[in-house]
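J.: Residue numbers (UniProt numbering): 1 to 181.
Please note that the accuracy of each hint is not assured.
[To be verified] Below, simulated DSS-like cross-link-like pairs (lysine-lysine); rule was C-alpha separation at most 25 angstroms, straight line:
#, residue 1, residue 2
1, K175, K80
2, K30, K11
3, K92, K80
4, K30, K16
5, K11, K92
6, K74, K94
These are computed hints drawn from the structure, not numbers from a lab.
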Amino acid sequence: MSLRILGGSAKGRELKVPDSARPSGARIRKSLFDLLAARAPEDDFPAFLDLHGGSGAIGLEAASRGYSVTLIEKDNRAFKALESNARQLELKVKVLRGDAEQLLPRLGRFDLIFSDPPYEADIPTLTRRLLDGDHLNENGLLICQHPDRLSLPPHPAYTLEVREYGSNTLSIYEKGKVSDE
1 MSLRILGGSA
11 KGRELKVPDS
21 ARPSGARIRK
31 SLFDLLAARA
41 PEDDFPAFLD
51 LHGGSGAIGL
61 EAASRGYSVT
71 LIEKDNRAFK
81 ALESNARQLE
91 LKVKVLRGDA
101 EQLLPRLGRF
111 DLIFSDPPYE
121 ADIPTLTRRL
131 LDGDHLNENG
141 LLICQHPDRL
151 SLPPHPAYTL
161 EVREYGSNTL
171 SIYEKGKVSD
181 E
């Protein structure tokens, strides 16, 4: 399986996708990056963390669009594919091998964190831990991609916006923004 980068310096270039990955489709990727561009230009969200790098469809897309990207992947085949794709696309990214939750406390804070774990993971619990942790800068975004049958919890320190795309949902948490309600 292969897919292409949709925008930025590597637009149209192909990513090799390992069998172990479940890449985000073009529609959800385009919608995600359109949403980010509408909220703020790339230089307002410079530090981007892809917690579950997988195919690199999200993290390498972000790097192609100018974000400073760190990807984490624990599957060895996916890790090697991420490194190879980044090299072939000439994208400067940091690719770390290991468990995202174990590595996260050592990485500092980010402006944008994208979480799309394997669907067998306990996604609501992982999301709560991410929201309770100190991993985002003020006004940062945590974006969780998950199956549409799953609802993620609200959090008092974040506003939550939910967008559905077929069988996938993006739950977008914004830190520090006061709701108008």
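J.: With the threshold set at 25 angstroms, check whether the alpha-carbon distance from K30 to K16 stays at or below it.
T.: It holds: about 19 angstroms lies between the C-alpha atoms, which stays within 25 angstroms.
J.: Verify the proposed pairing of K30 with K11, using a straight-line Cα cut of 25 angstroms.
T.: Holds. K30 to K11 sits at ~12 angstroms (cutoff 25 angstroms).
J.: Measure nothing beyond the straight line between the CA atoms of K11 and K92; if it is 25 angstroms or shorter, mark the hint as holding.
T.: Holds - the C-alpha atoms of K92 and K11 are around 15 angstroms apart, at most 25 angstroms.
J.: For the pair we were handed, K74 and K94, check the Cα-Cα distance against 25 angstroms.
T.: holds, 14 angstroms
J.: Hinted pair, alpha-carbon criterion (25 angstroms max): K175, K80. Please report holds or violated.
T.: Distance of about 33 angstroms is beyond 25 angstroms: violated.
J.: Going straight from one Cα to the other, do K92 and K80 come out at no more than 25 angstroms?
T.: Given pair K92, K80 holds - Cα atoms ~15 angstroms apart, limit 25 angstroms.
Comparing the model with each earlier hint shows a violation of hint 1 alone; every other hint is respected.
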